Structures are given as structure tokens and as C-alpha cells.
Amino acid sequence: MPLADGVSFDLTVVWAFLIAFAVLVYVILDGFDLGLGMLFAAERHRGDRDVMMNSVAPVWDGNETWLVLGGGGLFAAFPLAYSLVLPALYAPIIAMLLALIFRGVAFEFRWRTERWRGVWDFAFIFGSGTAALAQGIALGGLLQGIEVDKAARAYAGGWWDWLTPFSLTVGLALMVGYMLLGATWLVMKTTGDLQERMRRRAWLFGIATVGFIGIVSLWTPFLQEGYYSRWFRGWGILLAGLVGLSVLALATLMFRALTVHRHDYWPFVLALAMFTLCFIGLGISMFPYIVPVGVTIWEAAAPRNAQLFMLVGAGILIPIILAYTGYAYWVFRGKIDPDTGYH
Amino acid sequence: MLGSFDAVLLARIQFAFTVSFHFLFPAFTIGLASYLAVLNGLWLWTRDHQYLDLFRYWVKIFALAFAMGVVSGIVMSYQFGTNWSVFSDKAGPVIGAPMAYEVLSAFFLEAGFLGIMLFGRERVGPTLHMIACIAVAGGTAMSAFWILSVNSWMHTPAGFEIDLETGQFLPTDFWQVIFNPSFPYRLMHTVTAAYLTTAFIVGGVGASHLLRRRRLSEPASASTRTMFSMAMWMAVVVAPVQIFLGDLHGLNTLEHQPAKVMAMEGHYESHPDGAPLYLFGIPNDEAQRLDYAIGIPNLSSLILKHDLAAPLDGLDTIPDDEQPPTFIVFWSFRVMVAIGFAMLALGLWSLWARVRGNLYSAHWLHRAAVVMAPSGLVAVLAGWITTEVGRQPYTVYGLLRTVDSAAPLDAAAVGSSLVAFVVVYFAVFGAGTYYILRLMSRPPVFDEPRLQDVAPGPIRTAGITPAPEEAVRRADDRKGGA
Chain D
1 MPLADGVSFD LTVVWAFLIA FAVLVYVILD GFDLGLGMLF AAERHRGDRD
51 VMMNSVAPVW DGNETWLVLG GGGLFAAFPL AYSLVLPALY APIIAMLLAL
101 IFRGVAFEFR WRTERWRGVW DFAFIFGSGT AALAQGIALG GLLQGIEVDK
151 AARAYAGGWW DWLTPFSLTV GLALMVGYML LGATWLVMKT TGDLQERMRR
201 RAWLFGIATV GFIGIVSLWT PFLQEGYYSR WFRGWGILLA GLVGLSVLAL
251 ATLMFRALTV HRHDYWPFVL ALAMFTLCFI GLGISMFPYI VPVGVTIWEA
301 AAPRNAQLFM LVGAGILIPI ILAYTGYAYW VFRGKIDPDT GYH
Chain Z
1 MLGSFDAVLL ARIQFAFTVS FHFLFPAFTI GLASYLAVLN GLWLWTRDHQ
51 YLDLFRYWVK IFALAFAMGV VSGIVMSYQF GTNWSVFSDK AGPVIGAPMA
101 YEVLSAFFLE AGFLGIMLFG RERVGPTLHM IACIAVAGGT AMSAFWILSV
151 NSWMHTPAGF EIDLETGQFL PTDFWQVIFN PSFPYRLMHT VTAAYLTTAF
201 IVGGVGASHL LRRRRLSEPA SASTRTMFSM AMWMAVVVAP VQIFLGDLHG
251 LNTLEHQPAK VMAMEGHYES HPDGAPLYLF GIPNDEAQRL DYAIGIPNLS
301 SLILKHDLAA PLDGLDTIPD DEQPPTFIVF WSFRVMVAIG FAMLALGLWS
351 LWARVRGNLY SAHWLHRAAV VMAPSGLVAV LAGWITTEVG RQPYTVYGLL
401 RTVDSAAPLD AAAVGSSLVA FVVVYFAVFG AGTYYILRLM SRPPVFDEPR
451 LQDVAPGPIR TAGITPAPEE AVRRADDRKG GA
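These protein sequences, in sequence, are chains D and Z. So the first sequence is numbered by the UniProt record's numbering: it starts at 1 and just counts up by one. So the second sequence is numbered by the UniProt record's numbering: it starts at 1 and just counts up by one.
Heads up, some of the hints might be wrong.
Unchecked claim - Short derived list, chain D residues pointing at chain Z, Cβ under 10 Å:
id, residue
1, A20
2, L80
3, V331
Said to hold, decoys possible - Straight line, CA to CA, 25 Å or less: simulated SDA-like cross-link-like pairs of lysine to any residue:
id, chain 1, residue 1, chain 2, residue 2
4, D, K150, D, G226
5, D, K335, Z, V403
6, D, K335, D, A273
7, D, K150, Z, P449
8, D, K335, D, W203
9, D, K335, Z, G120
10, D, K150, Z, T402
11, D, K150, Z, D410
12, D, K335, Z, T402
Unchecked claim - Listed next, with one range per pair, are the computed distances between beta-carbon atoms:
id, chain 1, residue 1, chain 2, residue 2, range
13, D, R233, Z, Q176, 45 to 53 Å
14, D, W298, Z, Q176, 20 to 28 Å
15, D, G236, Z, Y434, 52 to 60 Å
16, Z, V419, D, G236, 31 to 39 Å
17, Z, P408, D, L168, 47 to 55 Å
18, D, P165, Z, P393, 26 to 34 Å
Rather than coming from a laboratory, the hints here were simulated on the basis of the structure. Quantities reported herein were computed from a predicted structural model and do not represent experimental measurements. Glycine residues also receive a C-beta, built at the ideal position from the N, C-alpha and C atoms.
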């Protein structure tokens, strides 16, 4: 669309990047608080649990809003993709929504009851774990391809198509990866014994994450011919090597920051970088398909006037959102004092 | 295996269930967010400690209700796709954009500043904390703006064309899409309803504590009196405004969705010489008549046309397969209107008590206020049932039928997710409501504990037990109990 003389760009690609950006921000932000929820299981001490919860209490709601932007943005910018993907991934999506209810209310409910606190702690752990698993399964289910009846503009597969060894593996991978994010977040936000334990957990889940990244990365190209040719033919091999080496380099730096330098916040930053890199790799696999392997972003796109109308708002509001979200994180920066939590 | 119609019916039940449950929370928090901003502003302006106490008292309840609104709202944003994918594909190009604006301009604003509002007073200072309170209140109002615009478009679609190849609605003019004909009325009516809902809950809680203090023969704390008084002022001022706005909304509906108004009125037959206002009746869609009808002649024409003899068409002018189910619309409308007038009556009663100087000792007024506490929630649900069921059999009025909107789902899949939602909602939100009621059952006290302080811990006092009341009463007594 020509915006001015000689200037034109493809709004559909812009929107694909914006949705991808929203999903990435969601994954890394809610990733660490879902991971923290799973790590709750191993921390039996009440004071430690309070500190862990308090470290995310002021920001979890904002983190989850990126999921709404991912879903709402997909609905707005790529309505066909939204209406194909959600019925295809029906069970994992519903499971994720229910799980998010449990872990979301646990933030408030566990402070309101003495007798039932254990129940809400369990809801927090179980909800966080289920949400992470369901998100990973959904991602795997999308990557492996969704059967589409293009003439009817409808999902054409069965209700259990999402359930494969691959999608389950991605589900486990995301759980482990989120726990790495959660553990490094807590290394940054806590002190003393709790921080020490989190260092060890971060190391463990870091190893597991790198392993899962390797498995999923090697498995993905064999799911679809398109993925294979992208990564393993021509210049693709070079790209694959570059991405692979970068992940390994980041992982090495992270392990060194964790154990050798015993740094507080670099492990978290490096874990985020690792996630970002994997996400970019995912994008390289899928582009330009939004519903692999049948529907491209252009086929699923909303009309241009709708894209442009939304882009005006997104262009103004997303930088503002990033600014005040950053501000909120800044306000609650630093270590959590076990005696004066937010709650 | 069940047929395809059953899958649609189950999907409808699921949507009705999840959206009704969800809306109870925003209906309360839209008003409460504004109330908290006002309380915080009054505290900063007057430095009267009771406003800070009231802020701290209600912010704990707000945090619970808001969390439940958030998690039940995420479900809504995905349910369009999971259960109503055909609707999403077709209407997405038009209504997707306003919904994206809702996320960008409202949800992030609320969520981003909520943490600061709840926990940040000491960290950011009073000015920024006040800004956070306003941002949260503004975010809830902004959210109402966009989502009601989308909902109104489904009632009175405008600013679009239909792509004959794909069947998609394509936007031609977003100004017309957003400010579609029923939107201004629905927005004002709904936001006002949210304010009234909050006012009656706050008033009911205040009244219950006035009654309890009276039973104990003790003076109520200043903050208890203030919250009751503020709520009753809202009832006096806002209830009549709401009835007026409801009337305007009804006239707008008559213009754009006459079949809905016919169902609301129970008018199966056309009345060429003026239509009666039915107070009671059992709508019988099969026989197309209102059984056991009790009505006031010509009053409906007077209300809807401002003319006693104005002719009004009935459902006999609407083909059977375009009629909404009349029984539900007829009765839910009556429930809403009855509550509206009961709210007005309570407001006037409180005004009379205020004039006579016994606002804080009129215990029958307080009892009525306690009974009326949840009335706003009931009225809001009844109103939504009226308008949404009245839109049937369409999702996009006159253009896209509900049966043609649903996802190609298996009844078993929708049925099992419906069961899961019902079980989880009742368990989780039941518990949350219980915690809210428990917080409400404790009166606001002098130097009300902060949200941060209420965690039951080894040293800190549990916010849920009335332990510090003794000290508080003494503090209040020193202030003369006022």
C-alpha cells in the first residue's frame, strides 16, 4: 500500500511481525512466572513460597495480557488463521485457559485463607504446569501442520490430531524451558539459600533445555518438506549452523554466569536471549505460512484498511505500553525482602 | 453421537455461561475502580484518614474481583475462535480491529498500573500512585467502550460490505463500525449499570455494618457511615439517570431491532390503535400469544411512541424463523426494569431519611439496602439476557445466523469443555466470592491494614479476623465516633 510517493510496504508482513512480537513477549514474560509456578512444587517452605509469589505478584497480570494481544491480534489481523487454528487445537487451548484460571486466582486466594492455602498452592503449581504443557503442545500441534479445507475455510482434521509424540515433546520442552526462565528470574530476585537452590535448578533445567532445543530443532525439519528445504538445502545449512552455534554460545555464557561468575541477573538475560533466538528460528521455519502448511499470512490476512486502522493504534500504543510496563518492572526492581513482601 | 444442532446449542450454552460469569466481575470492578480513584483523590485532597481506610478496605476486594475478571476474560478472547470460528472468520475483519484496540488501550493500561495501584503507594509516591489509580479506572472504562462497540455492531451492523466470494464482512468505514447506531445508548446504559451495581454493593456492605453496630449498641465508624452515605447519593442521582438512559436505549432498539422490542413487550399481535403494556403474562411462542396477560391499555404505545393511540406492530409481522424466544426476553426484561425501579425507590427512601437526619439509624432502610446489595448484578445479567437473546436467531443481526456461526465442532468436544467450565467456574469463582464476602463481613477500621499486610503470617495480623477492632474502636471513640 503506497503511504506516500515512492514509499510502500506490505502491511501483512508488518502484522505478522507484530503478532510474532506479542507472542514472543508473552512467552518470555509469562514464561518465567509460569516456570516459577512449577518450581513452587519443590519449595516446601512457606516463607520461600511467599517470596517467590511476591516476586511476580505486581507484574503477572501484565504478562498475561500479551497472551490476549497474541490471540486478539491474530483474530484482528489474520481472522482466517484464528478460526482455523483454535478449533484444531481445541483441547490444549481449553486446557490452557482452565489452567490459567487456577494459577491466576491463586495469586490472590492463597493470601485469603489459612486452611485452604495448600489447595491454592497446588492450584498454582498444577495450573502453571498444565498451562505450560498445553502451550507447548499447541505450538507443536501448529508446527506439525494443520489439515485445512481451503474451499470451506474450515479446519478439516480430527479432534485428536494435535496429539503426537512431537507435540508432547514440544510440550515437555516448553515446561523445562519455562522452569529455566523461572529459576534464573529467582536467582535475580532472591537471596540466601533460596537463591542458591535456584542456581542449581537453573543449571539443571538449563542443561535439559539445551537438550530439548536440540531434539526439537533436529525433529522439526523432518515434519514437513518445506522446513527441511529451508534449513538443510543451499544457504539453509549455513543458517542452521549459525543459529545452532549461537544457541550453544548463549548457553555456555549462561552456565558461566550462573556458576563461575555467580552473577545475579545475567543468567536471566541470557536465558531470555536463548528463548528469543529459538523463537526466531521458529519464525524462519514457518514463514510465510501462518497455518502450516496450507495457509500463508497473505491468504489469512484481514483487509488492508483494517490492517492500516489497527497499525495506527498499535504504532502509537505499543511503544507506550512497553514504556509503562518497563516502568512497572522498574518500580518493583531489586531483591524481594522476605519481611516486607508486596502482599 | 449427537447431531450438529446439538453442538451449536452446547456452544451457545457455553458462551452464555462463560460470558455471564465473566461479566459479573467487570460489572463490579468498572464502578469499583472509579470509586477507589475517588477515595484516593479524597484522601490526598482532604487528608481525612477515613478515605484512606476505605481505599484500603475496598482495594483488597477489588484485587480479588479483578483477578477473577482477568482470568475469566482470557477465556472469552479465545472462545470466539474455539467455538465460533465461522463467526470469527466472517466478522473478524470488522470487529477484530476494535477488539485489538481494547487490548492495546485498555487491558494493558489496567494490568500495567494495577501492580502500582495495589502495592506501589510507598514506592512511587502519592502523585504517581494517584495516576495509577486513574489509569486503572480509565482502563476499565476504555475496555467497556471497545467491547460494547463490538457487541453493538453485532446488534446494529454498519460501515461494512459483504465479500460475496468468502462471505466475510469487510469494513468500509471504521467510524461507522465503532459508532454504530446502538453503540452510544448501549455504552451509556451499561457503564451506568456498572456504577449502580457497585454503588449498591458498597451501600449494602455499609448498611450491614451499620446494622451490626446497632445490634452491639456501638457507634459505627466514620468510614462505615461515609461509604453508606456515598453509595446512597449514587443511588439517588444515578438510578433516575439510568431509567432515562434505558428508555432511550429501548427507543433505539425499537428503531433497529423491532422484533426484540415486540418480544420484550409480549406483543404477538399488532395493535393498530395503541398497544397495551403487559405487566404479567406467559409468552407462548407455539400458539403465538401471551397467556394469562395482565396489561394496561395503550401504555406501551405511550412509552414507545409517546402517543396513546400510536399503532405498534407485533410478532405477527415477523416470520417465525426470525423471532427471538419470547419467554426469556419478556421475563428477563421485566426483572431488569423491576430492579431499576426498586433502586430508584431505595435512593428516594435514603434521601428522605437523610432529610430527616436519620440516615445512619434508619434500620429498615439499612435492611433494604442489604437485600438490594446484589440487585445490580442481577439486573445487569437480566439486561444482557434481554438484549442478547433478543438478537436471536442471529449473531450479526439480520445477516449471520447463530446456527451458521459456530465452529465445525463435535458435540462431544463442546460438551466436555462445557462441563469442565461449569465445574471450574463454580469451584474457583465460588471460592473467590466466598473470600470477597468474608472480607466484606469485616467492617472497615481505623488505620485499615494495607493489602500487603493482610497475608496471614506469623507476626502480621490476619486481615480476615476482626482482631484489631478493639484498638480501632478506641481510636474511633477518641475521635468522637464520627
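Which constraints among the numbered hints does this structure fail? Numbers only, ascending. When the structure is compared with the hints, numbers 1, 5, 7, 12, 16, 17 and 18 turn out to be violated.
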